[in-house]
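Colleague: My request is simple: use the sequences and hints to build the entire structure.
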Amino acid sequence: MAIIDRIMAKAQANVKHIVLPEGEETRNIQAAAKIVKAGIAKITVLGNPEKVKAVAAETDTCLCGIEIVDPATSEKAVSYANALYEIRKAKGMTEEEAAKKVADPMFYGVMMVKMGDADGLVSGAIHSTGDMLRPALQIIKCKPGIKTVSSCFLMESPIEEYGVMIFADCAVIPNPTAEELANIAVAAAESAKSLGEIEPKVAMLSFSTKGSAKHENVTKVQEATKIAHELAPELKLDGELQLDAAIVPEVGQLKSPGSEVAGYANVLVFPDLQAGNIGYKLVQRLGKAEAYGPILQGIAKPCNDLSRGCSVDDIVATVAITAVQAQ
Numbered sequence: 001m002a003i004i005d006r007i008m009a010k011a012q013a014n015v016k017h018i019v020l021p022e023g024e025e026t027r028n029i030q031a032a033a034k035i036v037k038a039g040i041a042k043i044t045v046l047g048n049p050e051k052v053k054a055v056a057a058e059t060d061t062c063l064c065g066i067e068i069v070d071p072a073t074s075e076k077a078v079s080y081a082n083a084l085y086e087i088r089k090a091k092g093m094t095e096e097e098a099a100k101k102v103a104d105p106m107f108y109g110v111m112m113v114k115m116g117d118a119d120g121l122v123s124g125a126i127h128s129t130g131d132m133l134r135p136a137l138q139i140i141k142c143k144p145g146i147k148t149v150s151s152c153f154l155m156e157s158p159i160e161e162y163g164v165m166i167f168a169d170c171a172v173i174p175n176p177t178a179e180e181l182a183n184i185a186v187a188a189a190e191s192a193k194s195l196g197e198i199e200p201k202v203a204m205l206s207f208s209t210k211g212s213a214k215h216e217n218v219t220k221v222q223e224a225t226k227i228a229h230e231l232a233p234e235l236k237l238d239g240e241l242q243l244d245a246a247i248v249p250e251v252g253q254l255k256s257p258g259s260e261v262a263g264y265a266n267v268l269v270f271p272d273l274q275a276g277n278i279g280y281k282l283v284q285r286l287g288k289a290e291a292y293g294p295i296l297q298g299i300a301k302p303c304n305d306l307s308r309g310c311s312v313d314d315i316v317a318t319v320a321i322t323a324v325q326a327q
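Letter by letter, the sequence shown follows residues 1 to 327 in the working numbering.
Don't read these hints as lab results, they were simulated from the structure. If you're wondering where the values come from, they're calculated on a predicted model, not measured in any experiment. Among the clues, some could well be false.
Said to hold, decoys possible - So the derived label-pair ranges between C-beta atoms look like this:
| hint | residue 1 | residue 2 | range |
| --- | --- | --- | --- |
| 1 | L282 | Q222 | 53 to 61 Å |
| 2 | E95 | M1 | 46 to 54 Å |
| 3 | S212 | E95 | 39 to 47 Å |
| 4 | V15 | D60 | 24 to 32 Å |
Claimed, not checked - Below 30 Å or equal to it, Euclidean Cα-Cα: the simulated DSS-like pairs (lysine-lysine) are:
| hint | residue 1 | residue 2 |
| --- | --- | --- |
| 5 | K42 | K301 |
| 6 | K281 | K143 |
| 7 | K141 | K226 |
| 8 | K76 | K288 |
| 9 | K301 | K226 |
| 10 | K16 | K141 |
| 11 | K236 | K91 |
| 12 | K10 | K193 |
| 13 | K89 | K147 |
| 14 | K288 | K10 |
| 15 | K16 | K147 |
| 16 | K214 | K193 |
| 17 | K301 | K10 |
| 18 | K100 | K89 |
| 19 | K76 | K42 |
| 20 | K76 | K37 |
| 21 | K210 | K100 |
| 22 | K288 | K236 |
| 23 | K141 | K193 |
| 24 | K226 | K193 |
| 25 | K100 | K301 |
| 26 | K141 | K210 |
| 27 | K141 | K301 |
| 28 | K193 | K281 |
| 29 | K193 | K143 |
| 30 | K76 | K34 |
| 31 | K281 | K236 |
| 32 | K141 | K76 |
For glycine and all other residues, C-beta sits at the position ideal for the given N, C-alpha and C.
Modeller: Here it is as structure tokens:
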């Protein structure tokens, strides 16, 4: 069974409540109907009810079982605004600004998650990553013990020996510090267990293996490896490793003999966003792997971004992933 099918089955077994702030958008409405029909999650869509119904009618989509909430008229808007003001007043937000913010479906949706009225959020079909991330980072913030919100991709290779892998960070932090890279590694290992259903073996990637090259970029990965070991001493993690030393057993054991990770890594932590973004797309396009993400990790409650070119099935899959994260 493909990993996304296992994730959907897991979501169906313990149904969570997911909010879709882009409720007036066609793909979101069609996805919501599929999700509710399949029993993957309870769904609330945000938007003007008449506009939502009009979009549904255009595509002959049933709104059965889907909750529609208009942030502009919601009875919870006042309490959400008060809570948002308390969260952001130290940053200069006024009560009036807070009231205006919660009328925005994106902020209202994040407040639903913050206040426990929804378990997770999925957005991004018509919002930029920045517009989606900003309220989530400002309001929900990081998990305890994690200082960095990052992303990962769940990759499923058609090559049996590789199977399911986690790639991080491929979407959020352009040039992570050593400490941020270590936090990314720990969060990616957690994603491997919860989403990939694999025991993480984490490789801190570089163009150097165990000091074979000298450069400040190599030093950063070496420092990150040390910090990650301190953060999670029980974690199987090795670095710095070149890609072949990370995933090819004979190369890994030659360059890092005795390592539990070298040659057998299933979590790849890239040194920066350029490498990560290029790496996952190469594996997806040339290696024909399925790529699910970006999946936010390190955040206290799950909020996930969509590509603006996403399909209905992409939204369904992302909601399933978000629901499993919420478990």
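Colleague: If a hint holds in the structure, say so; if it does not, say that too.
Modeller: Now the hints, each set against the structure:
Checked against the hint of 53 to 61 Å, the C-beta distance between L282 and Q222 comes to roughly 25 Å, which is inconsistent with it. Remark: the range hint 46 to 54 Å for E95 to M1 is upheld by a beta-carbon distance near 51 Å. Separation of S212 from E95 is about 58 Å and departs from the stated range, judged on CB atoms against 39 to 47 Å. Range check, V15 to D60: about 26 Å between beta-carbon atoms, so the 24 to 32 Å window is met.
Between K42 and K301 the alpha-carbon distance is near 16 Å, which keeps this suggested pair within the 30 Å criterion. For the suggested pair K281 and K143, the alpha carbons sit about 28 Å apart, so the restraint of at most 30 Å is met. With a C-alpha separation of about 25 Å, the suggested pairing of K141 with K226 holds against the 30 Å cut-off. Annotation: proposed proximity of K76 to K288 is violated, straight-line Cα distance about 46 Å (limit 30 Å).
Proximity of K301 to K226 is assessed by CA-CA distance (about 28 Å); at most 30 Å being required, the pair is judged to hold. Proposed proximity of K16 and K141 is supported: the alpha carbons are some 20 Å apart, at most 30 Å. Annotation: proposed proximity of K236 to K91 is violated, straight-line Cα distance about 39 Å (limit 30 Å). Note on K10 and K193: the hinted pairing holds, with a Cα-Cα distance of about 13 Å set against a maximum of 30 Å.
A C-alpha spacing of about 22 Å is found between K89 and K147, which places the hinted pair at or below 30 Å, so the restraint holds. Restraint check: the Cα-Cα separation between K288 and K10 comes to about 25 Å, which is no more than 30 Å; the hinted pair holds. Between the alpha carbons of K16 and K147 the distance comes to roughly 26 Å, so the proposed pair stays at or under 30 Å and holds. At most 30 Å may separate the alpha-carbon atoms for a hinted pair to count; K214 and K193 exceed this at roughly 33 Å.
Between K301 and K10 the CA atoms are separated by roughly 18 Å; this keeps the pair inside 30 Å, and the hint holds. Distance hint between K100 and K89 is fulfilled; the C-alpha atoms sit about 14 Å from each other, no more than 30 Å. Distance hint between K76 and K42 is fulfilled; the C-alpha atoms sit about 19 Å from each other, no more than 30 Å. For the suggested pair K76 and K37, the alpha carbons sit about 27 Å apart, so the restraint of at most 30 Å is met.
For the proposed pair K210 and K100, the alpha carbon gap of about 53 Å is over 30 Å, so the pair is violated. For the given pair, K288 sits about 28 Å from K236 by alpha-carbon distance, which is consistent with the 30 Å threshold. For the hint linking K141 to K193, the alpha-carbon distance of about 22 Å falls within 30 Å, and the restraint holds. The straight-line distance between the Cα atoms of K226 and K193 is roughly 22 Å, inside the 30 Å bound, and the hint therefore holds.
With a CA separation close to 23 Å, the supplied pair K100 and K301 stays within the 30 Å bound. Taking the CA atoms of K141 and K210, the gap is near 35 Å; set against the 30 Å cutoff, the hint is violated. For the hint linking K141 to K301, the alpha-carbon distance of about 8 Å falls within 30 Å, and the restraint holds. Annotation: proposed proximity of K193 to K281 holds, straight-line Cα distance about 23 Å (limit 30 Å).
Between the alpha carbons of K193 and K143 the distance comes to roughly 16 Å, so the proposed pair stays at or under 30 Å and holds. The suggested pairing of K76 with K34 holds, with an alpha-carbon distance near 27 Å, which does not exceed 30 Å. With a C-alpha separation of about 26 Å, the suggested pair K281 and K236 falls inside the 30 Å cut-off, and the hint holds. Of the supplied pair hints, the one linking K141 and K76 holds, its CA atoms being roughly 22 Å apart against a limit of 30 Å.
The structure does not agree with the numbered hints 1, 3, 8, 11, 16, 21 and 26 stated previously, though it agrees with the rest.
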